[in-house]
Structure formats: structure tokens, C-alpha cells
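S.K.: Going down the list, the sequences are from chains A and B. Residue numbers in the first sequence follow the UniProt record's numbering, run continuously in steps of one, and reach 198 at the last position. Residue numbers in the second sequence follow the UniProt record's numbering, run continuously in steps of one, and reach 198 at the last position.
For the record, the hints were derived by calculation from the structure and aren't laboratory data. A few of these clues could be false.
[Unchecked claim] Listed next, the in silico EDC-like pairs over lysine to aspartate or glutamate satisfying Cα-Cα at most 20 Å (straight line):
hint, chain 1, residue 1, chain 2, residue 2
1, A, K119, B, D123
2, B, K2, B, D77
3, B, K119, A, D175
4, B, K2, B, D57
5, A, K118, A, E37
6, A, K119, B, E198
7, A, K45, A, E198
8, A, K143, A, D25
9, B, K143, A, E41
10, B, K2, B, D123
11, A, K143, B, E41
12, B, K45, B, D57
13, A, K2, A, E37
14, B, K2, B, E37
15, B, K2, B, D25
16, B, K119, A, E125
17, A, K118, B, D77
18, B, K118, B, E37
19, B, K45, B, E86
20, A, K119, A, D35
21, B, K28, B, E198
22, A, K143, A, D197
23, B, K118, A, D123
24, A, K28, A, D179
[To be verified] Derived coverage of chain A by chain B (criterion: at least 3 residues anywhere in the stretch with Cβ under 8 Å from a Cβ of chain B; other residues may be distant):
hint, region
25, 13-26
26, 96-103
27, 176-187
We treat Cβ as the ideally placed atom computed from N, Cα and C, and that holds for glycine.
There are 2 protein chains.
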Amino acid sequence: MKLYNTVISGNCYKIRLLLSFLNLDYEKVSINLGDQEQKTEHFLKLNPLGQIPVLEDQGRHIHDSQAILCYLARTYDAHQLWFPQETIAMTHVLEWLFFANQRIASTLSAARAFHLIKKPNIDIENATAMSHVSLAVVNQHLKTRNWLVGESATIADIACYPYIALAHQGKIELDLYPDVQAWLTRFQQLPRFIELDE
Amino acid sequence: MKLYNTVISGNCYKIRLLLSFLNLDYEKVSINLGDQEQKTEHFLKLNPLGQIPVLEDQGRHIHDSQAILCYLARTYDAHQLWFPQETIAMTHVLEWLFFANQRIASTLSAARAFHLIKKPNIDIENATAMSHVSLAVVNQHLKTRNWLVGESATIADIACYPYIALAHQGKIELDLYPDVQAWLTRFQQLPRFIELDE
């Protein structure tokens with residue numbers, strides 16, 4: 001199994017987290033975003049969208065960090081705890097995956113990209129304001145729960161963790177969200193948790 | 001079954017399409033976005049994100065148009081054709097759902113919202129340019145296929161159809177994308193296809 005990835009990307013970090021939680025061996029292939037390596041003809045064959053991460057497994061290439069989480073959990077988690085397959089639980093996990101894919105990407109992730117790598121075409125005022133709207137929703141949800149869905153950590157938590165844990169790099173403070181902070185701490189205590197740069 | 005929805009929304013249209021394809025009865029509850037009815041205390045109890053569509057079924061409320069498509073197909077499509085459950089096919093369907101959820105939302109859907117309802121905070125130049133990048137990816141994919149995944153229409157096609165079919169409302173022309181145009185025509189010929197305002 002190969003993961004085309006870069007250390008700094010929160011989306012790639014999601015996949016490294018799940019691979020670690022599932023205790024799976026894989027090879028990291030480093031993609032240099034500064035050199036636009038994800039836009040080369042070779043890479044576009046792996047993912048026509050020109051984005052990392054891409055997972056290579058059994059000759060297949062899978063893109064989109066959330067889709068890769070679903071694929072890995074369905075394929076390698078024998079107990080189906082990380083991606084529950086009962087329809088209601090699965091639907092709620094998917095709601096949070098879409099939240100991570102669209103809401104977190106356009107708010108917390110965008111704010112981080114603006115401040116950390118000076119990414120252009122970002123309305124930082126709007127991204128910052130909407131980051132707080134997103135965090136308030138997550139905080140309210142976690143007031144009565146330990147995990148986003150069900151009684152144990154799922155790929156919903158993995159999909160939402162990186163850019164919330166890295167919020168400070170986008171100059172978003174978490175002081176107002178104690179339930180989010182407690183959830184981050186719980187997440188960091190999961191067996192085989194790894195840091196962004198591990 | 002109740003669908004909280006508004007006619008003009010492409011995201012709500014996705015759900016109406018699948019409900020029609022599955023030949024399911026439901027009640028439409030019209031939400032007035034002009035009055036910000038989706039941000040009222042009552043509505044936020046149905047969906048804390050303050051967005052339509054929301055599906056009410058068996059006492060549950062499900063939000064996010066893509067998650068609702070997954071829920072409906074898993075629950076009511078006995079043949080599991082609309083949302084295949086074999087892992088590889090499911091993963092590819094999910095890749096396109098995430099594409100619709102994030103890429104199409106931030107490009108074709110954003111351009112339509114800018115021109116049609118004068119939605120603020122949209123960088124129309126970037127949304128237009130990125131719409132063409134998205135369309136080129138879909139067109140290339142459809143050069144050798146009738147449907148986005150597999151041999152028949154799935155919720156991947158439903159998730160991508162509305163904002164591509166409505167591209168002209170965002171001043172995006174489809175002249176350069178003949179394979180996309182042929183796919184739109186095929187989609188419109190599906191049994192029980194309905195128009196946006198039906």
C-alpha cells in the first residue's frame with residue numbers, strides 16, 4: 001500500500017491516522033506541493049483532480065481523503081467499528097464526512113492555508129467568521145457525547161480532527177469551545193495516535 | 001416522509017430526483033430562504049447547520065444532500081443499484097459525492113448563486129475558472145463511460161447532475177464538454193426523471 005502525501009496536509013494526516021489506528025504497513029510517497037508535483041501529467045493519472053492524498057492499494061488508486069477513510073475502514077477494519085455499516089450510524093458518519101469535506105475545508109482549513117502557506121483567493125475574514133460557526137456546531141454536538149457518532153471513535157472523528165486540532169495555525173482560538181477541547185484530548189489518547197509530523 | 005426543501009435549490013433537487021426514481025411518496029415542506037427560515041430556532045433543531053435539504057423519516061432528521069442520498073438508497077432501493085455496496089464501487093460513488101459536495105459546490109453552484117440570487121462573498125472569477133476545471137475532469141471521465149460509476153446510473157450521477165445541468169444559470173457554457181452534454185441527455189431519459197420545478 002502506498003500513500004501519496006505531504007506532511008503538512010491535514011487531509012493526508014487523516015489517512016496516516018487511520019493507517020496507524022488500524023496498524024497497517026504502507027509506504028509514503030512524498031509529493032512536493034511547492035513544485036506543483038500534484039499537477040504533473042504523471043500525478044493527474046493517479047488523481048485527475050490534482051490533489052493529495054491518493055492511496056494506491058492492490059493496483060487501484062483512490063482519491064479524496066474522506067473516500068479513502070471509507071475504503072480503508074471497510075476493507076481492513078474487521079470489526080467495522082471505524083465505519084459502522086448499520087444504515088443510521090453510517091448516515092450520521094457520512095454527515096460528518098461531508099461536513100469535514102466542505103465546511104471544515106472552506107473555513108478552518110482555508111484559514112490555516114491563508115496564514116501558513118499564504119494560499120491565494122481566500123476571503124480570510126469570511127473563513128474566520130465561518131470557522132467559529134462550524135466550531136460552535138461541533139461544540140454543541142459534543143456537549144452530550146464523547147464522540148461525533150456512537151460510543152467509540154469513528155472515521156467521522158478522524159475526518160474532523162486535523163484541521164480543528166490545527167486551528168491555531170489559522171489564528172482560530174478554541175477558548176470558547178471547551179467540549180471541542182475535551183474531545184481533542186480524548187482523541188489524542190486513542191491507542192496508536194500519532195502527531196502530524198510523526 | 002417529509003422533505004424540508006425549496007424549489008430553486010439544486011441540493012434539494014437531488015433528493016426529489018431520487019425520491020422520484022425510487023417512486024416514494026413524501027410531503028414537501030417549503031422553506032423560505034429569503035426569510036432566512038433555515039436559520040430559525042425551530043429549523044436549527046432539525047439541522048444545526050441551518051441548511052436545506054433536511055429529510056424527516058421514521059422520526060429521524062437527516063441533513064446534507066449527499067448523506068440523504070446514501071440514506072434513501074440504502075433504505076429503500078432493494079436492489080442496491082443506486083448506491084452499490086461492494087467496497088470498490090461504493091468507494092468510487094463516494095469519491096463523486098465528495099466531488100459534488102465540495103468541488104461542484106464551490107464552483108458551478110457558487111457561480112449560479114452569484115448570478116441567480118446575488119449571493120455575497122463569492123469570488124466569481126475564481127468560481128468560473130474552477131467550474132471549467134471541474135467540467136473538464138467530468139468530461140474526460142465520461143469519454144469512455146455512460147455513467148460516473150459502473151454500468152447504470154447511481155447516486156453519484158444524481159449528486160453531480162443538478163448544478164451541471166443548471167450551469168447556464170451561472171453563465172457557464174457547456175459547449176466544450178460534449179461528453180458531459182451526452183450524459184445530461186442520458187440522465188434526462190431515465191424513467192421517472194423530473195425537472196427542477198416539477
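S.K.: Look at each hint and say if it fits the structure.
M.R.: The hints, checked one at a time:
1. Between K119 of chain A and D123 of chain B, the direct Cα distance comes to roughly 15 Å. Compliance with the 20 Å bound is thereby established for this hinted pair.
2. About 18 Å separates the Cα atoms of K2 of chain B and D77 of chain B, which keeps this hinted pair within 20 Å; it holds.
3. Only pairs whose Cα atoms come within 20 Å are accepted, and K119 of chain B paired with D175 of chain A is rejected, the gap being roughly 31 Å.
4. For the hint linking K2 of chain B to D57 of chain B, the alpha-carbon distance of about 7 Å falls within 20 Å, and the restraint holds.
5. Restraint check: the Cα-Cα separation between K118 of chain A and E37 of chain A comes to about 18 Å, which is no more than 20 Å; the hinted pair holds.
6. Of the pairs offered as hints, the one joining K119 of chain A and E198 of chain B is violated, with about 42 Å between alpha carbons and a cut-off of 20 Å exceeded.
7. Restraint check for K45 of chain A and E198 of chain A: the C-alpha separation of about 28 Å exceeds 20 Å, so the hint is violated.
8. In summary, the hint linking K143 of chain A to D25 of chain A is not supported, as the alpha carbons are separated by about 36 Å, beyond the 20 Å threshold.
9. Distance check on the hinted pair: K143 of chain B and E41 of chain A sit about 18 Å apart at the alpha-carbon level, within 20 Å; holds.
10. With a CA separation close to 35 Å, the supplied pair K2 of chain B and D123 of chain B exceeds the 20 Å bound.
11. The suggested pairing of K143 of chain A with E41 of chain B holds, with an alpha-carbon distance near 18 Å, which does not exceed 20 Å.
12. Pair hint K45 of chain B plus D57 of chain B holds up; C-alpha atoms about 15 Å apart against a cutoff of 20 Å.
13. With a CA separation close to 16 Å, the supplied pair K2 of chain A and E37 of chain A stays within the 20 Å bound.
14. Taken as a hint, the K2 of chain B and E37 of chain B pair is honoured in the structure, with Cα atoms around 16 Å apart against an allowance of 20 Å.
15. Straight-line distance between C-alpha atoms of K2 of chain B and D25 of chain B comes to about 9 Å, which keeps the hinted pair within the 20 Å bound.
16. Restraint check for K119 of chain B and E125 of chain A: satisfied, since their Cα atoms lie roughly 16 Å apart, inside the 20 Å limit.
17. Proximity of K118 of chain A to D77 of chain B is assessed by CA-CA distance (about 46 Å); at most 20 Å being required, the pair is judged violated.
18. For a cut-off of 20 Å, the pair hint linking K118 of chain B to E37 of chain B stands: about 18 Å separates their Cα positions.
19. Between K45 of chain B and E86 of chain B the alpha-carbon distance is near 34 Å, which puts this suggested pair outside the 20 Å criterion.
20. Straight-line distance between C-alpha atoms of K119 of chain A and D35 of chain A comes to about 14 Å, which keeps the hinted pair within the 20 Å bound.
21. The hinted pair formed by K28 of chain B and E198 of chain B meets the criterion: a straight-line CA distance of about 12 Å does not exceed 20 Å.
22. The hinted pair formed by K143 of chain A and D197 of chain A fails the criterion: a straight-line CA distance of about 30 Å is larger than 20 Å.
23. Restraint check for K118 of chain B and D123 of chain A: satisfied, since their Cα atoms lie roughly 17 Å apart, inside the 20 Å limit.
24. Taking the CA atoms of K28 of chain A and D179 of chain A, the gap is near 34 Å; set against the 20 Å cutoff, the hint is violated.
25. Check result for the region 13-26 of chain A against chain B: violated, 0 residues qualifying (beta carbon to beta carbon below 8 Å, three or more required).
26. Under the rule that three or more residues need a Cβ within less than 8 Å of chain B, the assignment of the region 96-103 of chain A holds, with 6 such residues.
27. Restraint check on the region 176-187 of chain A versus chain B: 0 residues with Cβ-Cβ distances below 8 Å, three needed, restraint violated.
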